[in-house]
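K.L.:
Generate the whole structure from the sequences, applying the supplied hints.
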Amino acid sequence: MPTKVENWKDEVYGNEIRDRLMEFAEEGWDAIPEDEHDAWFERFKWWGLYHQRSGQESYFMMRIGTPNGVIEPGQLEVIAEVADKYARGPEENPEFGDAYCDWTTRQSIQLHWIKIEDVPEIFELLESVGLSTQQACGDSWRNIVGCPVAGKDKHEHIDAWPIAEDLHETFKGDDDYANLPRKWKVSVTGCDQGCGQGDINDLAYEPAEKDGELGFNVRVGGGLSRKEPRLARDIDVWVPPEKAADIGHGMSALFREYGDRDDRFNARIKFLMDEWGPEKMRSVLQEEFVDFELPRAGEDMRDQYTYNAGGNEHGDHVGVHEQPDGNYYVGLNVLVGRMGVDDVYELAEIAEEYGSGEVRLTQRQNVIVTDVDSDRLDAFLDEPLLDDYSPDPHPFMRGSIACTGTEFCSLSIVETKNRQVRYARWLKDNVSLPGGVEDFHIHLSGCTASCAQPQIADISLRGMKTRKDGEPVEAFDIGLGGGLGENPQFADWVEMRVAADEVPGYIENLLDAFEAEREGDETFREFVADRDEEALQSLADPEETSYDDPYLGNTKMTWYPYAEDSDMQSSPAPTDANDEPLPSDD
Amino acid sequence: MTTDVHQLDDGAWISVNDSREVNVSDLWLLAESEFCRCEPTDFLAEGFVDTGVDPPNIQARIAGRCIACGTEGVTDWLTVGRVIDPESGEFYGVVHDSVHIPEKRHRLADPEQ
Ligand code: HEM
Ligand code: SF4
Ligand SMILES: [Zn+2]
Numbered sequence: 001m002p003t004k005v006e007n008w009k010d011e012v013y014g015n016e017i018r019d020r021l022m023e024f025a026e027e028g029w030d031a032i033p034e035d036e037h038d039a040w041f042e043r044f045k046w047w048g049l050y051h052q053r054s055g056q057e058s059y060f061m062m063r064i065g066t067p068n069g070v071i072e073p074g075q076l077e078v079i080a081e082v083a084d085k086y087a088r089g090p091e092e093n094p095e096f097g098d099a100y101c102d103w104t105t106r107q108s109i110q111l112h113w114i115k116i117e118d119v120p121e122i123f124e125l126l127e128s129v130g131l132s133t134q135q136a137c138g139d140s141w142r143n144i145v146g147c148p149v150a151g152k153d154k155h156e157h158i159d160a161w162p163i164a165e166d167l168h169e170t171f172k173g174d175d176d177y178a179n180l181p182r183k184w185k186v187s188v189t190g191c192d193q194g195c196g197q198g199d200i201n202d203l204a205y206e207p208a209e210k211d212g213e214l215g216f217n218v219r220v221g222g223g224l225s226r227k228e229p230r231l232a233r234d235i236d237v238w239v240p241p242e243k244a245a246d247i248g249h250g251m252s253a254l255f256r257e258y259g260d261r262d263d264r265f266n267a268r269i270k271f272l273m274d275e276w277g278p279e280k281m282r283s284v285l286q287e288e289f290v291d292f293e294l295p296r297a298g299e300d301m302r303d304q305y306t307y308n309a310g311g312n313e314h315g316d317h318v319g320v321h322e323q324p325d326g327n328y329y330v331g332l333n334v335l336v337g338r339m340g341v342d343d344v345y346e347l348a349e350i351a352e353e354y355g356s357g358e359v360r361l362t363q364r365q366n367v368i369v370t371d372v373d374s375d376r377l378d379a380f381l382d383e384p385l386l387d388d389y390s391p392d393p394h395p396f397m398r399g400s401i402a403c404t405g406t407e408f409c410s411l412s413i414v415e416t417k418n419r420q421v422r423y424a425r426w427l428k429d430n431v432s433l434p435g436g437v438e439d440f441h442i443h444l445s446g447c448t449a450s451c452a453q454p455q456i457a458d459i460s461l462r463g464m465k466t467r468k469d470g471e472p473v474e475a476f477d478i479g480l481g482g483g484l485g486e487n488p489q490f491a492d493w494v495e496m497r498v499a500a501d502e503v504p505g506y507i508e509n510l511l512d513a514f515e516a517e518r519e520g521d522e523t524f525r526e527f528v529a530d531r532d533e534e535a536l537q538s539l540a541d542p543e544e545t546s547y548d549d550p551y552l553g554n555t556k557m558t559w560y561p562y563a564e565d566s567d568m569q570s571s572p573a574p575t576d577a578n579d580e581p582l583p584s585d586d
Numbered sequence: 001m002t003t004d005v006h007q008l009d010d011g012a013w014i015s016v017n018d019s020r021e022v023n024v025s026d027l028w029l030l031a032e033s034e035f036c037r038c039e040p041t042d043f044l045a046e047g048f049v050d051t052g053v054d055p056p057n058i059q060a061r062i063a064g065r066c067i068a069c070g071t072e073g074v075t076d077w078l079t080v081g082r083v084i085d086p087e088s089g090e091f092y093g094v095v096h097d098s099v100h101i102p103e104k105r106h107r108l109a110d111p112e113q
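Respectively, the protein sequence lines represent chains A and B.
Take 1 as the starting number for the first sequence in our numbering and just add one per residue.
Take 1 as the starting number for the second sequence in our numbering and just add one per residue.
Some clues are possibly wrong.
Partner residues are not named here, just some residues of chain A that face chain B (Cβ under 10 angstroms, in silico) [unchecked claim]:
no.	residue
1	T3
2	E34
3	D38
4	A39
5	E57
6	V414
7	K465
8	T466
9	R497
10	M557
If you're looking for bench data, these hints aren't it; they were derived computationally from the structure.
Every residue, glycine too, gets a C-beta built ideally from N, C-alpha and C.
P.N.:
So this is what it looks like as structure tokens:
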């Protein structure tokens, strides 16, 4: 039997949600009928509005989908303006202030503390520069990810940007694909570095050559969530660029028809792939969902992939890189992907001043300023903003990714971003990396949904709890040795339920052991791959150090972890349009 | 009014009559649970898998882990709260860190089935 969510979607879903959303916005929070809250919150996701966690009722997270992470000239300033005017919380975050933008691991933008009353004005602003929140959450084609420097990259074989853009334009708002059984995540890669991260998406296009022609091999069924990580599997199909959208139609229609609508936990296409295997996936696609003969897979370039491949090359886009046109792109490190709103304005300004005004987002939560004029590169690099968002960051700053966590997210178990900022700073000040190790990825996710992609990091941190002196404290399961590349590898979970304040000490001890035992210039990933579970467990122990963790208690029990009076009962929510508490019913 | 119960957002919370009532991330003490060998089981709730009503009890099966021994899995049916007066629909949550005894079966069918 279809789930409740499916029934709500049958009643109203997709584009038609917008009119009602606008009506509610006009009339205010109270206008949403009390016995329809769940249905409407589920539907609002389709328009990029995701309700924040308990204690923050009436506030929404808003996601803006920027395909391939491309923020076109003129857009960033508007994004800053929206954050400035409408994403200001009732309380400050001690690291980031009270208005900020999150650059996400799927090259989108996330704003918080959005009130429904402001949605019409926000949409108007965003749409005035061609931005949208449509399908940024919910059960449909999500933001399309890809090489963040597509079209500007010397490693490129196919410019993936027009293809990503075409898929975006084709499938955003198309009613035929508006109501899928679950989210549908697509990646397009055109370079030989593999930076589209296709392996962890539902549908992946990867560069491949066939009979002398460049096109894409197709993989299906990747994803990291729910302790069921899967790598996308090769379905032995090649398509030329002009047929990429046909595969998009075919595969997402296949998912629409065959995906599990009776059990949301089993709905992602990775589970259908488990059931069917790649051959059946291919034959059903061929027989029922495309009207041309699918060519067999071509010659891929996976053996050249360097992105997050665990080698000694930098597997990201941070730093100064020459574009084929002689200009430069400069990747700037944004620790845990969050940037205060004044810095976002400043970024928009310098992108305009030195480049084309375009800025791009990476799947490592960083930003790239493209088209920097070669004559003025040095002046650009002297800009004060780059002191905080460095093109040449310390490896611990560069390698840190963190998800949303207990600050806003209802699934979370632990505090994430602020803690990861503190981890990175402490590690930078106290721990040295073994010689030659330039890249070291630590990905921290607040729960098993894995939004920070923990399984593809050198060190994976996943939110947990444990007890210390009898008291419950926030903790992490720690995994080692994950990454992408030709042969991607998910982390091995090695240390379980480590109290959050003992994680930096563990990492320090682990890196000491790595330095002492590593052979030659063995990489960390090789070092982990060479050892069995027992050997990995005996490498290092968690330990308290000078690192201080202010979030050790149960941050989820607060209404907002950093509020002076954080008690759940002290929450102002639900509020009216001016952040004033609404009178309660009882 | 019938009591309307379901899990939402990938099992992040339980809604009772369109009100967010029970959340993940709490520790529950489970007695005689067969979940693991610990007595009691010190259980971290990570996701609500199933919900049901056995008037006046609101019940759920929860995915998570014993944080003492590390056993992972899904609990039997736990009473997470009560709706005593179906007319008002008001929900009274249980104290999650007092002791709970999971039941093998609950009597009424899951309204989602
Ligand atoms: C309020 C904040 C968020 C909530 C409630 C949330 C919820 C979820 C859930 C429920 C899942 C697993 C469900 C599934 O698809 O099977 C998931 C997975 C994921 N989310 Fe989020 N998420 C949030 C923020 C983010 C952000 C900021 C990003 C970056 C764009 C993100 C990217 C991902 C990724 C990459 C995965 C795992 C990979 C996959 O299986 O596709 N999420 N998220
Ligand atoms: S990983 Fe979990 S805690 Fe982090 S944002 Fe995703 S759902 Fe929330
Ligand atoms: Zn146990």
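K.L.:
It remains to establish, for every hint, whether it holds in the given structure.
P.N.:
To see whether the hints hold, each was checked on the structure:
1. T3: Because about 7 angstroms separates T3/A from the closest Cβ in chain B, which is inside the 10 angstroms limit, the hint holds.
2. E34: Hint on E34/A: holds, closest Cβ of chain B at ~6 angstroms, below 10 angstroms.
3. D38: Cβ of D38/A sits 5 angstroms from chain B, so the hint holds.
4. A39: Constraint on A39/A satisfied, holds at 8 angstroms.
5. E57: E57/A check passes; min Cβ-Cβ to chain B is 7 angstroms, inside 10 angstroms.
6. V414: holds (8 angstroms)
7. K465: holds (5 angstroms)
8. T466: Given a least distance of 5 angstroms, the restraint on T466/A holds.
9. R497: Holds - the Cβ of R497/A comes within 10 angstroms of chain B, reaching about 6 angstroms at its closest.
10. M557: Constraint on M557/A satisfied, holds at 8 angstroms.
Checked against the numbered hints above, the structure breaks none of them.
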